Amino acid sequence: MWETKYEKSQGLTDTKLSYCPGCAHGIVHKLVAETLVELDILDKSIAIASVGCSVFSYQFFNCDAQQAPHGRACALATGVKRVLPENIVFTYQGDGDLASIGIAETIHAANRGENITVIFINNAIYGMTGGQMAPTSLIGQKTTTSQDGRVAEVHGNPIKISEMFATIGGVAYLERVSVYDPKHVINAKKAIKKAFQYQKEKRGFTMIEVVSTCPVNWGMTPVDAMKWAKSDMEPEYPLGVFKDKGAE
Amino acid sequence: MWETKYEKSQGLTDTKLSYCPGCAHGIVHKLVAETLVELDILDKSIAIASVGCSVFSYQFFNCDAQQAPHGRACALATGVKRVLPENIVFTYQGDGDLASIGIAETIHAANRGENITVIFINNAIYGMTGGQMAPTSLIGQKTTTSQDGRVAEVHGNPIKISEMFATIGGVAYLERVSVYDPKHVINAKKAIKKAFQYQKEKRGFTMIEVVSTCPVNWGMTPVDAMKWAKSDMEPEYPLGVFKDKGAE
Amino acid sequence: MDTKNIKVAGFGGQGVMMFGQVLAYSATKDNINGLWFPSYGPETRGGTANCSVIVSEDTINSPVFKNADHLVVFNLPSLDKFKDHVAKNGLVLYNSSLIDKDISIENALSIGVPINDIATELGNIKVANMVMMGAYLELTHLFSDETIEAIIKKFLGERKANLLDINKEAIEAGKAFIRKMEVKYA
Amino acid sequence: MDTKNIKVAGFGGQGVMMFGQVLAYSATKDNINGLWFPSYGPETRGGTANCSVIVSEDTINSPVFKNADHLVVFNLPSLDKFKDHVAKNGLVLYNSSLIDKDISIENALSIGVPINDIATELGNIKVANMVMMGAYLELTHLFSDETIEAIIKKFLGERKANLLDINKEAIEAGKAFIRKMEVKYA
Amino acid sequence: MAKVLMKGNEAIALAAIKGGVDAFYGYPITPQNEVPEYLSKHLLANGKVFLQAESEVSAINMVYGAAGAGKRVMTSSSSPGIALKQEGISYIAAAELPCVICSVMRGGPGLGSIQPSQGDYYQATRGGGNGDYQLIVYAPESIQETIDIMKDAFNIADYYRNPVMVLVDGLIGQMMESVDFDKPVKERKLPEKDWATTGTLNHPGRRNIANSLYLDPAELEQHNIDLQKKYKRIKENETKYELINFDNPEYVIVAYGTMARICRSAIQMLHEEGIEVGMIRPISLFPYPEIAFDKIPKTIKGILTCELSMGQMLDDVLIANNGRHKVGFFGRAGGMLPDPEEIVEAIKNFTERVVK
Amino acid sequence: MAKVLMKGNEAIALAAIKGGVDAFYGYPITPQNEVPEYLSKHLLANGKVFLQAESEVSAINMVYGAAGAGKRVMTSSSSPGIALKQEGISYIAAAELPCVICSVMRGGPGLGSIQPSQGDYYQATRGGGNGDYQLIVYAPESIQETIDIMKDAFNIADYYRNPVMVLVDGLIGQMMESVDFDKPVKERKLPEKDWATTGTLNHPGRRNIANSLYLDPAELEQHNIDLQKKYKRIKENETKYELINFDNPEYVIVAYGTMARICRSAIQMLHEEGIEVGMIRPISLFPYPEIAFDKIPKTIKGILTCELSMGQMLDDVLIANNGRHKVGFFGRAGGMLPDPEEIVEAIKNFTERVVK
Amino acid sequence: MKVPKGRVTFNDELCKGCGLCVEYCPTHILYQDMKTLNKAGYNIIKVSEPDKCIGCAFCAMMCPDSVIKVEVNK
Amino acid sequence: MKVPKGRVTFNDELCKGCGLCVEYCPTHILYQDMKTLNKAGYNIIKVSEPDKCIGCAFCAMMCPDSVIKVEVNK
Ligand SMILES: Cc1ncc(C[n+]2csc(CCOP(=O)(O)OP(=O)(O)O)c2C)c(N)n1
Ligand SMILES: Cc1ncc(C[n+]2csc(CCOP(=O)(O)OP(=O)(O)O)c2C)c(N)n1
Ligand code: SF4
Ligand code: SF4
Ligand code: SF4
Ligand code: SF4
Ligand code: SF4
Ligand code: SF4
Ligand SMILES: [Mg+2]
Ligand SMILES: [Mg+2]
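Chains as they are written, first to last, in the numbering used here: chain L, 1 to 248; chain W, 1 to 248; chain C, 1 to 186; chain Y, 1 to 186; chain Z, 1 to 356; chain P, 1 to 356; chain G, 1 to 74; chain S, 1 to 74.
Bound-form chain L, shown alone:
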C-alpha cells in the first residue's frame, strides 16, 4: 500500500516558479512553504517579496503578500507587523536587496527586535539584473561589474551579514544554512522552522541566511553550482547558529 512521502507543498500556489533551471531559490521556497503549513500559520502569514529574482515570490507563497521596493522589505514588514502583531510576517530577500541597498532597514528592524522572520538568500551575486557584483561576492569572483574578479583593495571584502547581526540586541535567532545536498536541505528546513516558531512565540527578530546558488550568472550547470556552494561559498560563509536567545 502506497503512502505519499513527498509532494508539492500546499504552501505554494500553482503558479510555475519563474526561476532558472536548478536555481536554489526554488528549494528554499519549498522549505518556507512547508514550514508555514506545518506550523499552521499559512493563513495568518503575510509574505514580503523583495526585488531580485524572488520578486515574484508574492505569486508563489500561498498566503497574503506585499511586494517591497528594492531593499525595503524589512521596513514594509515592520509597518505590517506593528499594526498586525498577531499575524506572521516574513521577508524573502536576496543579498543585493538585504546586504547592499537594504542594510539599513534590516539592521534597524533587527535592532528594534521587530518580531519578524527574514529569509536571506546569499548567492554572492545580483541574479535578477544579470550578474553584477554583490557585497557578498567572493574575492576573485568574476561578475559583470568585477570582470577581472573581485579585489579586496578595490571592492572590499565579502560582507559577513550573520557575523555582523550577531552583535545586534534585538536578534532572537540567527543561523546560516545551505541547501547544496539533501542533508543540508533537511537542516535548513529545521532552522527555518525554528525561526518561525520563535516568531510565533514573539521572541523577536529572526533571520536565516541561506548560502544559495545562481547557476546562470555563476556560469555553471545547476549541479556544479551546488558543488561550488560547498567548495567555495561555505569556507567564506561558515554554517551554524550565530545567535539563539532561547539557548542563552
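Just so you know, these hints were derived from the structure itself, not from any lab.
Hints may contain errors.
Unchecked claim - Here are some, though not all, of the chain Z residues that point toward chain W, as calculated from beta-carbon distances under 7 Å: (1) T30; (2) S40; (3) K41; (4) G205.
Fair warning: this is a prediction, and the values are worked out from it, not measured in the lab.
Note that CB positions come from ideal geometry on N, CA and C, so glycine has one too.
Here the structure of chain L is known, so what remains is to put chains W, C, Y, Z, P, G and S with the ligands in place on it, guided by the hints.
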C-alpha cells in the same frame, strides 16, 4: 619668561562656533583641528560636514570642506577619496546621521576599507532637531519622541556602533573615547591622532566614536551633562579600542 | 478693539517667545483671534530671537506685517533691527537696563523700562519679561489681570506653580513703574 | 536594396538573438545601416524571446514596425504570435522540426526548414540557428558569405574559434536545403 | 469645544487623531517636528502605533506596509525628507494604497534653510518618483483649514485608494492660531477594505497582494489607463478652490497657502485705494482648479501668480489660462516672506511675464 | 573610424569615456546595466575610478563628493533608481556642482516593468528633489545622437556648473545601431575649476567649500535668484530642437526620443497619402524649446503631442502653445510601443484634448 | 515480482531539466531524456529502473520546482 | 612677590558662560561674573586668585570655544 602652553588651534577658523554653551562638540572640534595641524595634513584635508548640530563644521575646520546630505557623509568621502587618494578625507557625524539614516553608507565605506577617518559623535540624541530619540538613546531616556523614556520592547535597545563595526573587514582602527574630563580629553586626542596617522599610511577605514553630550536636550547644565556622560553613557558605551589592524 | 500687530524681540533666553505667546493665548481665551509665530535667525543659539503676534476681533489675514503697532524689545540689537518698522501712533517698549540711552521714534510713544534691575530687585532675573508684560498691559489694557493670570498659570503648570506669585509681582511692578511715569497710551 | 524589417522569434536558448544580431552586424560591415532590438516577454527565463532587425541603405526611422518583411520563427508559439504580422510579399521561414504542419500565409512565401534535424545530423544541435541563417541568406541574398563569416568569427572569438567550421557547414547545409527545394524569393 | 490656540504642527497631529489615524511612521526634520512629537505621546498612550523610523526612506516604506494591511496610516516630513520618499510614494500610488503624507515646506534647494517656503510645489504635484502617478494634494492657508482638511484626508485616501498629501509651508507648521476642532467632516460612504493583506484567515479563498509590478506591458498599460481614469474622477469630484473679491476685478491674483493670506491683506489695501483685485485660491493643487479660470471676467488686465517660490505653480496657471489673459509673476524664495505692501506694489506695476 | 554596431547603453559608456569621464558611481538596474558593466571594465583598466555603490542614494552622493573635488563624474540609473537620487540631485544642483546623470526610463509607476517608457519626463524636468532647481535635460532619439550629446554633456556641465541629465527610454539603451564615435564636439572655453575642494595646498589662502546650506533667508533667496539667472542663460544658449517637414503642414506633432522616430515614419506614410504633417522634436527638455512653437504656421489644424507616457510633456506643450492652436494627445504607457500606423490614425482622427 | 520500496512520479510540464534530481539520486536510476521536450522546451526526466527506487525522496528534496512526487510502500 | 606657575587669559567675546572651565580647574580660582555680559549676552569668567594658577590648562582643554589661552612660566 612666559611660554604658551595652550591656545586656540590654527586648525580652526575665526568663525565663532555655533554650538550651545558647554556642548562637547566644541571640544572634539579642537582635538581634530589640533591633530590636522600636528600631523601637518591640514592643507591636504577635506572635511565632510554632516547634517546635525555640526552641520556648520565646514565653517569651523580651517581646510577645504563639503557639506553632505543627512547620513551621506561617508558616500561623499568615498567619492572624494577615490578621485583624490593622496588627500586626507574625514567625516564628522552625529549619531542620528551615522547610526540611523547613514548606517548603510557608513557600513559599506567601512566594508570597502575606504581610506578615510570618521569622527562619530554619540550624544544619544538628535540635537539639531530639538531632542528626538536617537538609536543610541539610553533605555529610560526621555526624549521628545520617547516622552515616557525609551522602552526596549517598543524602541529597541541602544545600538552599539563600535561593537558592530568591529566585525567589519575593512576597518583598520576603531576606538570609543569620551571627553568628560581632561584625562579623557587627552586620551581622545591620542585616538583621533592615531586614526589620522593610519589614514596617512593608507591602512584603511578608521573611526573614533566619541561619547559626547547635549546639555540643552538632556536638560542639564554643561557640567551635569559631563557627569551624566560618565555615570550613564559610559556604562552602556564602554570605552576602549575595538579594532587595531596595526596591533594585529 | 481693532487689530494689533505686535513684534517682540530680544536675546534667546530672555523670555521673548513666552511674552508673545501669552498675548496670543490671552486673545484666544477672550474669544478673539490670536496669531503667533516665531522667527529664529541663523543666530538662534544665543543671539537674538523674535516673534510676531496679531490679536484681532476679525479673522486674521496676512500673518506677516510690515510695521508693528507695538514693538517690545529686550536688547539693543533688536531695537536697531526693528525701530524703523513701527506703525504710526505705535508704541515702543524697550529694556532700559540693557539700552542705556533715551530712545525717541517719530509718531510713536517710546518708553524704557529697566526690567532687569526691577526683576533683580524682585530677586529673580528670569521674570524680567513679566515686568515688561506689566508695563505693556498698563499702557495697552489689551487683557484683564484675570486673563493674563490664567494664562501664566497654564505656562507654569504644576512643576513651577510656586513661581506664580513672583510672576504676578513682576507684572504688578511693571504696571507700577508705568503708573509712576504717568504716561498714557491709547 | 530597400529597407527590410525582420522579426526573429523562438525559445530562449535557440540562438534567436544571435541570429538577429548577425544580420545587424553584417549590415554595419557592409556600410549600410543596421538596427536590432530585443523584446523579452514576462516569460524571459525559458519561454519565448524575439528580436526585431532593420537593415537599410537610408537612415532608419521607426525602430518599431507593424508587419515584418521577413519572419523567422524557431517554434510554434512564435509562429502563432507573429504570423498575422507579415508584410505583403513577405517571407516566412519556420523550423519544421518543431512545427510539423504545412504553413501557408497569404501574400507571403512560407518555407519550413527542419533545422533541428539538419543540425543534429551535423552533430551539434546548437548550430540549428545557423542552418536557418543559411536558408535565409539563400532566399534573400542579403549578405555575402564573406560578410557573414567575418561576423560569425567575431561572435565565436578566440574561445570558440574551433566552432567556426561547423557553423559554416550549418550555413551551407541550410543553403543546400533551399537549393534542393528550387524555390526562389525576390 | 471652544477655540484653542495651537501650533500648526500640533494641530496637524491632533486632527490626524480625530481623523482616525492608526499608525504614524516618520523621521525627524525641521520644521515639522511637533507633528511626530505630539503623536508619539498620544498614539502610544491610546494603543495606536507610533514609530520613529531610521530614515525617511524606511518611514515611507513602513507606511506602505501598514497601508497595505488596511490601516489608516500617515507620515510627515519636509522638503529633503520628501525627496527621499519619492520612490516609496510612487510604489504606494502604483499599488493604490491609501495614506496621508504631510509635507511642511522649507527653503531649498538642497539643505537650504529651515525657513518657510513653497518651493516644493513640483515635488508635490509632479511627483519625482517614477512613472505616471498622482497624489491628491491639498494646500490649506490657515491652521483651521489644515485641521478641516486633515480630518477629511483619511476618508479621501480610503475612498480613492490613493495617497493624499497635505502641503503646508513651514509658517503654518510653526505658527499658532485660535482654532476649532469640532467642525463637521463631509460624510463619505467608504468601501470595505477587502483588498488588505490581513492574512487569508480573514478573507478565505482569496489571496490579497499589494504590488506594483506588471512585467507584461499590456497589463501595465491597462493599469496606467485605470489610474488615469481614477485621477479624472478625482478631478471631477475633489477639486477645491476659493474665489475672493470676484465681482468686477481689474486684476486676478492666484495664490495658495500662506501667500494667499498675505494677498488677502493686499487685496484689502488695494480696495481701500480703489483698486479691485480678485483672487483664485487653489485649495487642491492636484486636482488643479482649471475651471476657476473660466470664471475670470474677460475684462481683466492680467493675472498675477504669487508664490513663495520661483515659478512652479506658474506652470498650472499658464496651462489653465491657456493664453486667455496676460500672466505676471511675483515670487520670493529661501524663507523670505513678503509683506502685503509688496503685493500691492506688484499689482500696481503689473507686467506680463514672457511665457517661461 | 568606420561605423560600428553598438548597443545604446555601451555607446553611452564609450561616449562618456570619449567625453573625459574620470569617475563613475552607480548601482545596477535594468535596463541600463550595460553602462556600468562596460565602464567597470574600461575605467579601472585606465586608472580611472569605477565604483558600484551600495545603493542609488549612496551613488549620487559619491558623485557629489567627486564633483565637488573637481572631477568629471557621472552616474546612471533608471526610473525608481532616479527617484532615490532626487535628494542628492537637489543638493548637487544647489551646490552648483557639474556632473552627468544618465536616466534610462522603464515602465512605471512603482516597480512597474523593465520595458521602454517615457514616464519620467516630470522626474527629469520638474525635479522631485526639493526647492527651485533645474537640471539640463537632453533626450536624444537615436544612439548616434546619444553619443554626440554624451560627449558634449561634460563640457556643458562644467561650463554652467550644473548637473546634466541624458534622458533616454529603455529602447535606446537596449537597441543596437550602426554609429560613428568621431563626430566633432562643439568647442567650449571652460572656466578653471578654482572652486574644487582639492585641499588648500592647491589654492593657498582660499578655503573651497561645497555647500547648499544658507540659514539666512536673504542669502538663500539671493542664491535662488542667481540660480534662476543661470537657468535663463542656459535657456538662451543651450535650447536644442529639430523641425521636421515644416514647409506647410496641416498638423504639427511634438515628440521626443524613440517616439519622435516612430512619428518620423508616420509622417512619411501620411505624406504618401498626401497629408503633410510637421514635427517639433525637442532635444533639450530643459530648456524646453518654446521658441519652436512660434514657428508653427497659423494655418495648422492642430498640434498632436505624442509620448510614451500619459501626458507629461503635454504640460510644456500647453505652456509653449499658450492657447494658439488646438492641442491633441496620443500616449502609450507601460512599455507598449506604438507602430507608425497608430500615429497615422491618431492624426487622421485628430481631436482636441480639453486642457488637462 | 517484488514491489519496489519507492515510487516517483514526475509532473513533466513543471520540469526545467536542471538535472539536480538525477545527480542526487543515490541509486542513479534517473536520467534526462534528450529526445523529449516539454511545452517550455526543456528535456524531461525519466526513470531507468523503477524497481530500484528506495523512496528516499532525495530527488524531490533537491528539485526546485516541486516536480516530483514520492510514495513509499508501507 | 613670587611669580605664579601659570597664567590664563580669556577671549571674553567667545565665551558662552558654560562653566566647564570653572568646574575643572583643580585650584578653583575661576568664577563666573554674574554682573558682566559679553555682546552675546553671556556672563563671562574671571580669575579670583591669579597667583594660584598652576598652568595645567585643564580649563582650556575643557573649554569648547577655545576662549582660554594658557601660558606657563619657564
Ligand atoms: C531602487 C532599485 N534599484 C535597483 C533595482 C534593480 N535591481 C533589481 S533586482 C536587483 C538585485 C538583485 O540581487 P539580489 O538581491 O542578490 O537578488 P537575486 O536576484 O540575486 O536573488 C537590482 C539591483 C531596482 N529594481 N530598484
Ligand atoms: C533627509 C533629512 N532628514 C532629516 C533631516 C533633519 N535633521 C537635521 S539634523 C538631524 C539629526 C541630528 O542628530 P545627530 O546626527 O545625532 O547630530 P546632533 O545634532 O545630535 O549632533 C535631523 C534628523 C534633514 N536635514 N535631512
Ligand atoms: S538569475 Fe540566478 S538567482 Fe536568478 S533565478 Fe536565475 S539562477 Fe536563480
Ligand atoms: S543641541 Fe545639543 S548637541 Fe546641539 S549644539 Fe546644542 S548642546 Fe550641542
Ligand atoms: S530536479 Fe526537478 S526540475 Fe530539475 S530536472 Fe529534476 S525534476 Fe526537473
Ligand atoms: S526517491 Fe530516492 S531513490 Fe527514488 S528516485 Fe528519488 S532519489 Fe532516487
Ligand atoms: S591653567 Fe589650570 S590652574 Fe590655571 S586656571 Fe586653568 S585650570 Fe585652573
Ligand atoms: S569653558 Fe570656555 S566657554 Fe565655558 S565658561 Fe569657560 S571660558 Fe567660557
Ligand atoms: Mg543575490
Ligand atoms: Mg546626536
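Comparing the hints with the structure gives:
no.	hint	in the structure
1	T30	holds (6 Å)
2	S40	holds (4 Å)
3	K41	holds (5 Å)
4	G205	violated (36 Å)
Of the numbered hints stated above, the single one contradicted by the structure is hint 4.
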